[in-house]
Amino acid sequence: MAQLSIRDVRKSYGSVAVLNDISIEVEEGAFVVLLGPSGCGKSTLLHAIAGLHEIGSGSIVIGGRDVTDLPARERDVAMVFQSYALYPTMSVRENIGFPLKMRGLDKKAISESVDRVAAILQIEPLLERRPRELSGGQRQRVAIGRALVRDPKLFLFDEPLSNLDAALRGDLRAEIKRLHQRIKRTMVYVTHDQIEAMTLATKIVILNRGVVQQIGTPQEIYFNPANLFVARFIGSPPITLLEGKTANRNGELLFKLSNSDVELSMPQSTNLAGDETETILGLRPENIQIVREGNASLSATVDLVEPTGPEDIVTLNVQGAPSVIRTAAGMTTQGSSVGLELDLGKALLFESGSGTRLS
Amino acid sequence: MAKRTDPSRFFYQPIIAVLSLTSLVLTVYVVWLSLRDLSLMRAGRDTFVGIDNYIRFFNDPRGLWALWRTVLFTVLATSIEVVLGLAIVLFLDRNFALKRLVRTLLLVPIIMTPVVVGLTWRFIFDPASGMANYLLSRLGFDAMDWLGSPQVALYSVLIADIWQWTPFVILLSMAALDSAPSDPLDAARVDGAREWQVTWYVLLPMLRRAIAIVALIRAIDSIKAFDLFYIMTRGGPALSTETLNFYGYVVAFTNFEISYSLTVALILTIFTNVALLAMYGVLFPKNGEPR
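Protein chains in written order, with our numbering: chain A, 1 to 359; chain B, 1001 to 1291.
Bound conformation, chain A alone (with noise of 0.2 Å):
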């Protein structure tokens, strides 16, 4: 049964819809990501699933009780807020408390559970400390640990990683997903972070002005792509894309490129819309090589290298499109012409227009 059920839901401000027609089935225990670039509405979905938000129209149901027209606290799930939302008043055992005090828990109840929380997240020497003498990361711990002292049906993460400096966010990732592992709840995370996305999920939502995109596995989402968004939004270094047009010339499966009178020879699984039709052929980074000009399908101009130490990052210029790899350090300088191998095998192919996935 799922644990979380969101059904068509709709949420307008005035005549601009923030929420489309959204639905997403949760299965209890799964790490769901709600992905997305800012104002996509993926925020604003999780605040009415929190209860904070009221919806236009549609159904949340949380642990098969339909929890549509209930406030806040009664609908039993845990939320950790991007701005760790402190009780900056209370000391870091009575944040923690705090959800139990409200459940009318007595004073020994809590301490238990505060201090049973507290070890699990190692804030011990914390907890006689308010919220302003702590560092951002010790925040962050209190703010899940206040989240964790009850049982929830539903934990909810808003971006909390995002106010963390790089190597914190790392670490807080890191122990955010073991401790999933180690309680194995249904979580709902929101992020614009991808790497974020990919490490923690097993379920990743697209959202994208305020429509689900797509939903899937991390590895569904990175080599399935629904359509353009989807593979533009995911991927680092991102996806190339080629303008062109395709064309069934004897049987062979071709694409022509814009701007240029280079034809790739297309493998003949390749489900192609139709001839001449606006074509954008995507390739991963990974499935772009540099070779020697001579026996190459296709040659590019070196725009950039960002050496990262065992490789470079190299962006390339493919016939006026940008294209960047990872590379070999050193294997480039910028200015050279190179030669490029596509695996083609791996292409993907969206329609010019719609963005929608041809293959």
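Hints may contain errors.
Looking from chain B toward chain A, a few residues come up when the C-beta cut is under 10 Å (computed) [stated by the list, open to error]:
1) Ala1132
2) Tyr1134
3) Ser1182
4) Asp1183
5) Pro1184
6) Asp1186
7) Asp1191
8) Gly1192
9) Arg1194
10) Val1202
If you want the ones that stay clear, here's a sample from chain A, every Cβ over 12 Å from chain B, calculated [what the hints assert, rightly or not]:
11) Ser12
12) Gly14
13) Arg65
14) Glu94
15) Pro99
16) Asp193
17) Glu220
18) Val291
19) Glu341
20) Leu342
Source of the hints: derived by calculation from the structure; they are not laboratory data. Glycine residues also receive a C-beta, built at the ideal position from the N, C-alpha and C atoms.
Start from chain A and add chain B according to the hints.
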């Protein structure tokens, strides 16, 4: 920390020096005068009397009653204005269409001169033709002599003071509320708090410092209140609205007993400082946030 070589000290040090010097000289002069029996009725014939003026005050029922009225007025005005102001702020804490207009209207009582406020309320409280009694009659109550009855007059002035200064509390609390983060309130809602619990456990503690400062300002102003009393009742009837500040004025400018008047003023100052320091100590404990 600014170093001693910081040239900006040439700007602030002279000001501090002049201010300290004038207040020090004046205070010493006032203390000195309070130890004499200077009276304008016997100009030039004053002598040193030691602490006689202070002893006289503590044996002066009129002075002690005035002190008591000051305490009563200050406590009532401050607490009612803060509680009422906060209640209104929490009620207004929603985005409604006329919020800006309401904010502007709230400024009206504050910027009105006390003379106008006092006269307006005198008209309202007029026993024969005032609106207050008209309202009472419509509600089926007997008419009251708002400013003519010794049992009621102080509270009538209190009502005018509340009308004039509650908006001040509202404005400052509103500003504090607007700058307070809203995420902790949402967090409390998710954590299972009812709306009153959100307000009581999270919002009010966050606003505590702002409320404390507002209360402090209102307390200081109430202790010094003079204008409304002067215009509405002149301390009457039967001295029933004579506060210590007003009594000092009467002693100086009706009785011309300058030394005794200054003694009253000094006692009021000492009393004010002790009260406010105590209040400050409660509101801003040294060890971190108040519990």
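Tell me, in ascending order, the numbers of any earlier hints that this structure violates. The structure breaks hints 1, 2, 14, 15; every other hint is satisfied.
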